[in-house]
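Those protein sequence lines, which keep their order, are chains A and B.
Counting with my numbering, you get residues 27 to 570 for the letters of the first sequence.
Counting with my numbering, you get residues 166 to 527 for the letters of the second sequence.
Be aware that one or more of the hints could be misleading.
[Claimed, not checked] What follows is a list of derived Cβ distance ranges for each label pair:
no.: 1; chain 1: A; residue 1: G455; chain 2: B; residue 2: L171; range: 20 to 26 Å
no.: 2; chain 1: B; residue 1: I515; chain 2: A; residue 2: G89; range: 54 to 60 Å
no.: 3; chain 1: B; residue 1: E212; chain 2: A; residue 2: D196; range: 19 to 25 Å
[To be verified] With a straight-line cut-off of 20 Å between C-alpha atoms, the simulated PhoX-like cross-links for lysine-lysine are:
no.: 4; chain 1: A; residue 1: K379; chain 2: A; residue 2: K367
no.: 5; chain 1: B; residue 1: K284; chain 2: A; residue 2: K548
no.: 6; chain 1: A; residue 1: K243; chain 2: B; residue 2: K375
no.: 7; chain 1: B; residue 1: K432; chain 2: A; residue 2: K200
no.: 8; chain 1: A; residue 1: K243; chain 2: B; residue 2: K374
no.: 9; chain 1: A; residue 1: K442; chain 2: B; residue 2: K374
no.: 10; chain 1: B; residue 1: K248; chain 2: A; residue 2: K548
no.: 11; chain 1: A; residue 1: K87; chain 2: A; residue 2: K566
Hint data in this document are derived by calculation from the structure and do not stem from the laboratory.
We treat Cβ as the ideally placed atom computed from N, Cα and C, and that holds for glycine.
Given next are the chains, with one letter for each unit.
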Amino acid sequence: MKDMTHEGGLHSAAHMYASEYAEGKLSRREFLTRTTALGVSAAAAYGLIGLPAPAQAQEAKTGGMIRVAMEVKGTKDPRLADWPQIANIYRGWLEYLIQYNNDGSFEGRLLESWEANADATQYTLKIRPGVTWNNGEPFTADDVVRNFGRWTDGNVEGNAMASRFPGLVDEATKTMREGAVVKVDDTTVQLNLTASDIAVVPNLADYPAAVVHSTFKDGEDPSTNPIGTGPYVPQEVAVGQKAVLVRAPNHTWWGGTAPLDEIHYIDFGTDPAAMVALFSSDEVDRNYESVGEFIDILDGMGLVKEELVTASTIVVRTNSTSDLYKDKAVRSAIQLAVDPKVVLELGYNNLGKTGENHHMFPIHPEYPTLPPQVINPAGLVPALEAAGLKDTEFEVISLDDGWEAATTAAVQAQLKDAGMNIKHTVMPGSTFWNDWQKYPFSSTTWNHRPLAVQNMSLAYTSTGSWNETGMANPEFDALMAQALALADADARRELAAKMGTILQEEGYIINPFSRSLFSHHKEGFLGLEMHPAFEHHHYKWSIA
Amino acid sequence: MGKFVLRRLGVMLLTAIALTFVVFYLTNLPPNLEKLARTEGSVRMSEEAVQDWIEQNGHSGSVFGRYGQWLGVVPGWTYTDEKGDTRGRCFAIGQDAAAAPTYCGLLQGDWGYSTFFKKPVADSLGEKLAATGWLMLAVMLVMVPTSLFLGVLSGMREGSATDRTLSTFSIASTATPEYVSGVVLVALFATAATGISPLLAEYGLIEPKKTLFLASATSAMEDITFWNFALPVMTIALYGIGYIARMTRASMTEVMTQQYIRTARLKGVPFRTVVMKHALRNALIAPFTVIMLQFPWLLNGVVIVESLFNYKGFGWTLVQAASNNDIPLLLACSCVAVVVVLLTQLISDIGYVFLNPRIRLA
């Protein structure tokens, strides 16, 4: 992914967003997220909509500490880490080649830049100069090559990274292929993949991909010998109780000075009711996540709410292997009879953002802006009559719990109002997931993935392993094959627009909303934004 | 008496061995080992990877052999992987395998390594026991005087209004389990929305805090204050107060009907002196045993209360050890439980001798 600012001016889409902001279609926050994701600086973005950039965007105050309520799990070899909470502690001293930011963009950390070739089979990684480990040694290309060796080692039980780089692995030995990761010079490393792979960048930013020092022993707890490149070191990691990060002594961090002196993670358990008590008695400054009705309660206590619209979503989809839904006109009519706004309100209490029936969201780097669909419940009955299905009884299936059931019920209610004879069947998870891909009409939850094409290739290509719609559109497949070889998000966006349009027109999916993540903190702190993968970027935190 | 104590200590040892073996056997059942592999390795491991992990981390082979390793009578396991790195029971990752001792178990004074806390069991359990010690001390300081006072007061004049009132209170408090009284106390005193805290806050009586007490005792691990410690202590103490008060009352009423009390009364000794000088000491024998028996009971009381109030002591450790299948930690917890139960009984037996000269230990 090359530098995204365009020579001699701002990204053209930035102007488009600015006019949308002026028309009131975008919130200020969303406007900023989108334009800065295009590489426009925050100050320039504020300028576009005629506002002065807030002073806080400049220099953060140094000093102070924060108390964060989070489960303190034992730290372990990063590639084995299976909870974001584990990574949030070693993030203090272990850094990443690339970082996934909460606006959906990727930022080089230990890498200064990277570039992929035209079909994403070769990556050139440029190492950031001047990075040192906290024991004084310089960070070099050898460190990068060695870490790739650790990540690609499939012989280590539970190595979360092993399956991420199929293009770098030797099938026979399940370790790094000879010549796959090459040190070109002291600051350059080249990845030679056997097949196109645009997920290399998001994979390098995922929480098990922390970069460790050469003295790190496989399987060791990283807090016992905390050599890293980051600004902090662990003073104490008491599992189940607390973890304290303090400034690394005698270490010049390449990023300058991280504002906070100390970061305390305190394990108060996971009961959200206890969190209310802890905030009210001033025992914590920030929680890990706020859920359900507690969001309102914490709002009411005068705390600052952080909301992040993710790409975690629910898809209520038809399946064309069923005779009822093989007619595209019927599918489209069903899709357009459902108003996403109503579903979001009834199904998820407005704790998210409406979707556009193409399974892509603004947080995705290749998110295209498509013309809005016209919701038309009146079109459903004529379409059903034309297909001879007017008197058929339809059924929509969902999981039996919580918001999945409520969302599906909201969809069913709208279809019923539009004149369709449809019932809602709920199933417990134990039976639901056995056949989730085969139901004629049902709802499925999808997790957040950094790139839109990651979800779409799994779900909507004819060969996708999680294809639950029966969709087999040759044009879509061809576009996806192209998109999966394009590492540049801007180039991919055009293809994404075409694919999004096809998905909307095929009418298989009702994708009513994406869910938001929330957290709360006391007034007086900056930079505590929520992250789609619950990552804590400590160096962004400061006292106001 | 020496012989008696020695015999008791022998029983304690046997009980500990029997109990730890049962715990060891149960925690080493295959599903529990798989769970351990998934928490220690990674939740994403495949079935085969889990089996490999179990084999490569010393959890395969005969259960007696592994129990022997824990005791220190069988050499500790070692495993050398395909890269030539060796790991084993008796040394940490990266340490020299050759220099490590062959045996490292209880007999060598090594309690093993806690997989949950990621540090030696002896260190982590020591800390937790100290935390629970403070909790128990506070509970005892509240519970014993209060309950004895209430018991004596109601037993002094059986059937009086005071007796009826206090008895009702004791029965009610002892009939309420901790997980009920704890939640009720939190709702009454420690939430900003219900109970009496909003009222007090409105009058500005508890500024700058928003609640009368804190519903979490986590901060008491570092600094015990009345504010963060009162509720957990009261929750445990309430249950015990009722129970001990009932026992004291029964014993007191019995003593008060004795001939020598009547004689003293008839001789014109003031009621106060009769109670304090003649009745009290005899009436306290039975409650003394009950109080000593409260220690083992406290151990399981703290399991609930420490989890409820997130106080990281012995009870909380036991819950974490069990839910993470931390084998060495669970074994050590069992040993602690055995020692506490049998030691308090021993003390109560010896204490008896001093309170009641008619009893002799042989």
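Evaluation of the provided hints:
About 58 Å separates the C-beta atoms of G455 of chain A and L171 of chain B, a value inconsistent with the hinted range of 20 to 26 Å. Separated by about 58 Å at the C-beta atoms, I515 of chain B and G89 of chain A satisfy the suggested range of 54 to 60 Å. A hinted range of 19 to 25 Å for the beta carbons of E212 of chain B and D196 of chain A is consistent with their spacing of about 24 Å. Our distance criterion of 20 Å between C-alpha atoms is met by K379 of chain A and K367 of chain A, whose separation comes to about 8 Å.
The straight-line distance between the Cα atoms of K284 of chain B and K548 of chain A is roughly 34 Å, outside the 20 Å bound, and the hint therefore fails. Restraint check for K243 of chain A and K375 of chain B: not satisfied, since their Cα atoms lie roughly 48 Å apart, outside the 20 Å limit. Proposed proximity of K432 of chain B and K200 of chain A is contradicted: the alpha carbons are some 97 Å apart, above 20 Å. Proposed proximity of K243 of chain A and K374 of chain B is contradicted: the alpha carbons are some 47 Å apart, above 20 Å.
Restraint check for K442 of chain A and K374 of chain B: the C-alpha separation of about 52 Å exceeds 20 Å, so the hint is violated. A C-alpha spacing of about 50 Å is found between K248 of chain B and K548 of chain A, which places the hinted pair above 20 Å, so the restraint is violated. For the given pair, K87 of chain A sits about 11 Å from K566 of chain A by alpha-carbon distance, which is consistent with the 20 Å threshold.
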